[in-house]
Amino acid sequence: RKEVEQDPGPFNVPEGATVAFNCTYSNSASQSFFWYRQDCRKEPKLLMSVYSSGNEDGRFTAQLNRASQYISLLIRDSKLSDSATYLCVVLGSGTYKYIFGTGTRLKVLA
Amino acid sequence: DAGVTQSPTHLIKTRGQQVTLRCSPKSGHDTVSWYQQALGQGPQFIFQYYEEEERQRGNFPDRFSGHQFPNYSSELNVNALLLGDSALYLCASSLQGVFVGEQFFGPGTRLTVL
Chain A
1 RKEVEQDPGP FNVPEGATVA FNCTYSNSAS QSFFWYRQDC RKEPKLLMSV YSSGNEDGRF
61 TAQLNRASQY ISLLIRDSKL SDSATYLCVV LGSGTYKYIF GTGTRLKVLA
Chain B
1 DAGVTQSPTH LIKTRGQQVT LRCSPKSGHD TVSWYQQALG QGPQFIFQYY EEEERQRGNF
61 PDRFSGHQFP NYSSELNVNA LLLGDSALYL CASSLQGVFV GEQFFGPGTR LTVL
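Residue numbers (this note's numbering), protein chains in the order written: chain A, 1 to 110; chain B, 1 to 114.
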């Protein structure tokens, strides 16, 4: 089983739609969780950290479910500019090793 | 404020050769991590350098080695190149002690091994 698993997609959604991605992780001792965004042939950029209580940044909402060992990302009112690959990242307790998922591709269609 | 820079941007090598990739961290950052990203995959952690020491290593063979200099810049060396080493190599910098996880990535070096 992979340490961090994501549905690779692609998710094709119309502009204005709401879309959600999930990511599961295998190490229950993991402590820190993040979503990164990566545009085609570009470097990953931090989208948001994921807190136990959940957090929101504009149209983006991230949730953590420790019991089921998954994190989620919800994007509301999708824009064409949201088209990208969304990478789930997990950092274990007492380690500096960041584990990335394979990413989920999102295409927002006009 | 300069971000993370990497050189070269592209590189073509043949099997068995050696390569050195370079990274300058974001101004004020003291920690550098290196990643390998194959096509269609997420970045894979190679190692992290802090205070000129390798403090964490991923599942990569000893052919992959690195160095961090007193000015915090870093090099990644790969010996005896294999076809499977073809990938985008990303450098990420962060500041020790600041909120964990906020890494800033450079644009990467695309390595092709023929």
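Accuracy of the hints is not assured; some may be wrong.
Stated by the list, open to error - Using C-beta positions, here's what the derived DEER-type ranges look like:
#, chain 1, residue 1, chain 2, residue 2, range
1, B, R22, A, P10, 29 to 37 Å
2, A, S81, B, F60, 44 to 52 Å
3, A, R76, B, P8, 35 to 43 Å
4, A, Y70, B, F60, 26 to 34 Å
5, B, G28, A, P14, 24 to 32 Å
6, B, T14, A, R76, 43 to 51 Å
7, A, R66, B, E102, 15 to 23 Å
8, A, D57, B, Q96, 24 to 32 Å
9, A, K2, B, P8, 39 to 47 Å
It should be emphasised that the hints constitute simulated quantities derived from the structure, not laboratory data.
The structure displayed is predicted, hence computed values, not measured ones.
Glycine included, C-beta positions come from ideal geometry on N, C-alpha and C.
The hints, checked one at a time:
1. B:R22 / A:P10: 29 to 37 Å: 34 Å, holds
2. A:S81 / B:F60: 44 to 52 Å: Since the Cβ atoms of S81 (chain A) and F60 (chain B) sit about 35 Å apart, the hinted range of 44 to 52 Å is violated.
3. A:R76 / B:P8: 35 to 43 Å: 41 Å Cβ-Cβ, so the 35 to 43 Å window holds.
4. A:Y70 / B:F60: 26 to 34 Å: Holds - the Cβ-Cβ distance for Y70 (chain A) and F60 (chain B), about 28 Å, lies within 26 to 34 Å.
5. B:G28 / A:P14: 24 to 32 Å: About 42 Å separates the Cβ atoms of G28 (chain B) and P14 (chain A), which means 24 to 32 Å is violated.
6. B:T14 / A:R76: 43 to 51 Å: Holds, since T14 (chain B) and R76 (chain A) (Cβ atoms, about 49 Å apart) stay within the stated range.
7. A:R66 / B:E102: 15 to 23 Å: Holds - the Cβ-Cβ distance for R66 (chain A) and E102 (chain B), about 22 Å, lies within 15 to 23 Å.
8. A:D57 / B:Q96: 24 to 32 Å: Holds: the Cβ-Cβ distance is about 25 Å, inside 24 to 32 Å.
9. A:K2 / B:P8: 39 to 47 Å: Cβ of K2 (chain A) to Cβ of P8 (chain B): about 32 Å, so the range 39 to 47 Å is violated.
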